[in-house]
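Participant: Next come the chains, spelled out residue by residue.
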Amino acid sequence: MACNVAHGDGLHPARSRLRLEKRRLDLDLVIVCTHGAGCALECVAACQVGAISRGAEGAVTIDRARCNACGSCNPACPYHVIWYDDDGRAGKCDLCGGDPACARYCILQAIEHREAAREDFAQVRRELGVGR
Amino acid sequence: MRGYGGSILTVDVSTSEHRAEPTGEERARLWLGGAGLGAALLLERVPARADPLGRGNVVVLTPGLANGAPFIAPGKCTFTAKSPLTGTIGDANMGGRIGAMARHAGFDAIVVEGSALSPVAVVVDDDDVSVRQVSELWGKGTRATAEALHAELGWGFAVACIGIAGERMVRYATIDCDDRQAGRSGIGAVMGSKRVKAICVRGTGRVEVADPGALPGLMRDNDRRLREYKSWDNDRRYGTGTFVDMVSKEKGTLPTRNWQLSTFDGADAVSPYAWAARLSTKSKACWGCMKPCGRVLRVPDGPYAGTQVDGVEYETIYSLGSEICNSDPELLARLNELCDVYGMDTISAGVCIGWTMEATERGLLSRFDLGGLDVGFHNPSCAIELLRRIAHREGFGDILAEGVRRAAEEVGLGSEAFAVHVKGQEPPAYDVRGLKTLALGFAVSSRGGDHLKSGAYVVDLLGKFWRFEGVDRLSSEGRGAMCRDLEDLFAAYDCLGVCKFARRLYVSEGLLEPIRVLTGREMTEADVLRVGERVTNLRRLFNVREGLTREDDALPPRVTDEPIADGPSKGNRVSKEELARMLDDYYAARGWDREGVPTRETLERLGIDHLAPLELQMG
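Protein chains in written order, with our numbering: chain B, 1 to 132; chain P, 1001 to 1619.
Please note: incorrect hints may appear among the correct ones.
Straight-line C-alpha distance at most 25 Å; calculated SDA-like pairs for lysine to any residue [as the list claims (entries may be wrong)]:
1) B/K22 <-> P/S1280
2) P/K1464 <-> P/P1557
3) P/K1282 <-> B/V130
4) B/K22 <-> P/E1152
5) B/K22 <-> B/D87
6) P/K1230 <-> B/K92
7) B/K92 <-> P/K1464
8) P/K1464 <-> P/A1589
9) B/K22 <-> B/I62
No wet-lab data here; the hints were simulated from the structure.
For reference, chain B alone in the conformation it holds in the complex (with noise of 0.2 Å):
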């Protein structure tokens, strides 16, 4: 909802740049881009017109005035958490800017914003129950 409101798209979670899964009783995931620190940057990669890219901060945004609507960029996605306007053209989390409203409004701290380490990614693995 957070990141409805912050992104002026009203009440519409379907838009949200975060999904949420559970899997189990007690395992619910959060699932946001990571900026590249849990990917190769494959949607980089896969957008034909060059209309996404990583900035100096970090974050990985799209420009929309140039994006082609062509649908390759979330199928790329390993996270899939890329998706397409009814016009066609992608969205994804731009990280407000530096103060993410998801970070900022979950009172439990469940989400935080902070460079990403090693670690983190093996502990989802872990609970996943996936790799090593």
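Start from chain B and add chain P according to the hints.
Facilitator: What follows is chain P alone, placed relative to chain B:
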């Protein structure tokens, strides 16, 4: 229509056909949404004196107006049907995601009518509605059912389903969504009677609001108020059961041993303060809630190792704890999990078991009657087997599955005297002999034994809430108007879908700004209470139509005839004469006649006189 999904969806599972109609300004104005809209649709769609488990009944899902919107605790949607337990209007709310999903799919109500020949799931994917055969899910528990449907449809769907108890039409079966339950009134049994195993909804649309520019301010304001609210962290850590100790020791109003006692010597052991550190694994929230109180428990070792459950909530600490003299929190977690997976109400199931234990100890039921099971307060773990038999309607479980009123009628032998129920529904965790506002609330509640219609336990236990101060819980003076006001307020929460655990954050002007932002309606506190009053009157009209009278606004013999035997409230009871005075007072405050029927003037004032049964309209 700003703030609304916009349509009412009706799915007839007899024919697999569906239709949508506009919600309309008039319905939104009269009922806001949620429980109010559900009650209005029930009165409209169900013919008088319909069999609750027959084809004529319907199941209505109504999201609250707040579902999916930035309120602090906006998670509650309501299921409404004629109750197979009480024969009254039945409703039950829950924090499952299905409410918000329905709104985003464009629906302010989903009505399921008719009955299918074989098990089906109603699947609503935005405006694509289908009725699917799911015979392979029949016989599965709620968790396995939700898991299978999520695997097939994707996690994006919210799944509300019944377990084995719903299939077998246990009269207090629940509906489960995201491990939260619409628990009371037996609406799961109504779903089972229609052979509807699940309702699955995905909504991807936007809910248009009247003042989108105000949404960020609302978010900030919620966040600020919550951080100033001192008990949120405690709620998160320990859940809803934290005051069990106080209710037992300080007030002496925790029903124990099938209401024979009112303090529980195991209260310390079943209090969340005793077990949370050892058993809790994580915090759990309803959809959109900023003030989570859910806990996931896991029993790590011992006889109940592997038990995992969202809970244990206050009411269950009573019904499967003190009520049956169980002071083992791990057994409690196990019993809670069984009820959730079978899909039945922990309160009703616990009271049925407590009654069985007492009947056995009094020699009214033999070991033979109970299929060799050692039943009694000395052996609370017999509840594991009893719950299984109830859910499967096996042996004596078949009788208990009918609810305590019918079970006592069946057994007879004077067991009716200690069958604790109001209008056939087993009551929650408050001994109303020492909580007199709530005693009236129990007696007049539209769905029978229930604390959430009046919510009067708050004023009685704390002495103050909202506009009331210095309330003496043992006095029955002036309770009519108090009960009326509290019912109206709490009915308004149910229309909005705002959780009553956040009540103190919203009393009551706090509700007005979000309503304005969502719908554009500038309402005053009086306007909001008027909606609640309208809903309470409508529920009454439904029950009058079904043949209920003043006689049904009664309390069980244990409350009227037997004074509390122990603890700080010892010696108190609510005599029939005292209750009669409170009823007169309440009916007068409501503008109802001496028989408890809304007068034509009252209905006209509320603008719902056209909804009254014909004989009332004639005056």
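Participant: Decide, hint by hint, whether the structure agrees.
Facilitator: Right, here's what the structure says about each hint:
no., hint, verdict
1, B/K22 <-> P/S1280, "holds, 18 Å"
2, P/K1464 <-> P/P1557, "violated, 29 Å"
3, P/K1282 <-> B/V130, "holds, 21 Å"
4, B/K22 <-> P/E1152, "holds, 15 Å"
5, B/K22 <-> B/D87, "violated, 30 Å"
6, P/K1230 <-> B/K92, "violated, 36 Å"
7, B/K92 <-> P/K1464, "violated, 49 Å"
8, P/K1464 <-> P/A1589, "holds, 21 Å"
9, B/K22 <-> B/I62, "violated, 28 Å"
Taken one by one, the earlier hints fail for this structure at numbers 2, 5, 6, 7, 9, listed in ascending order.
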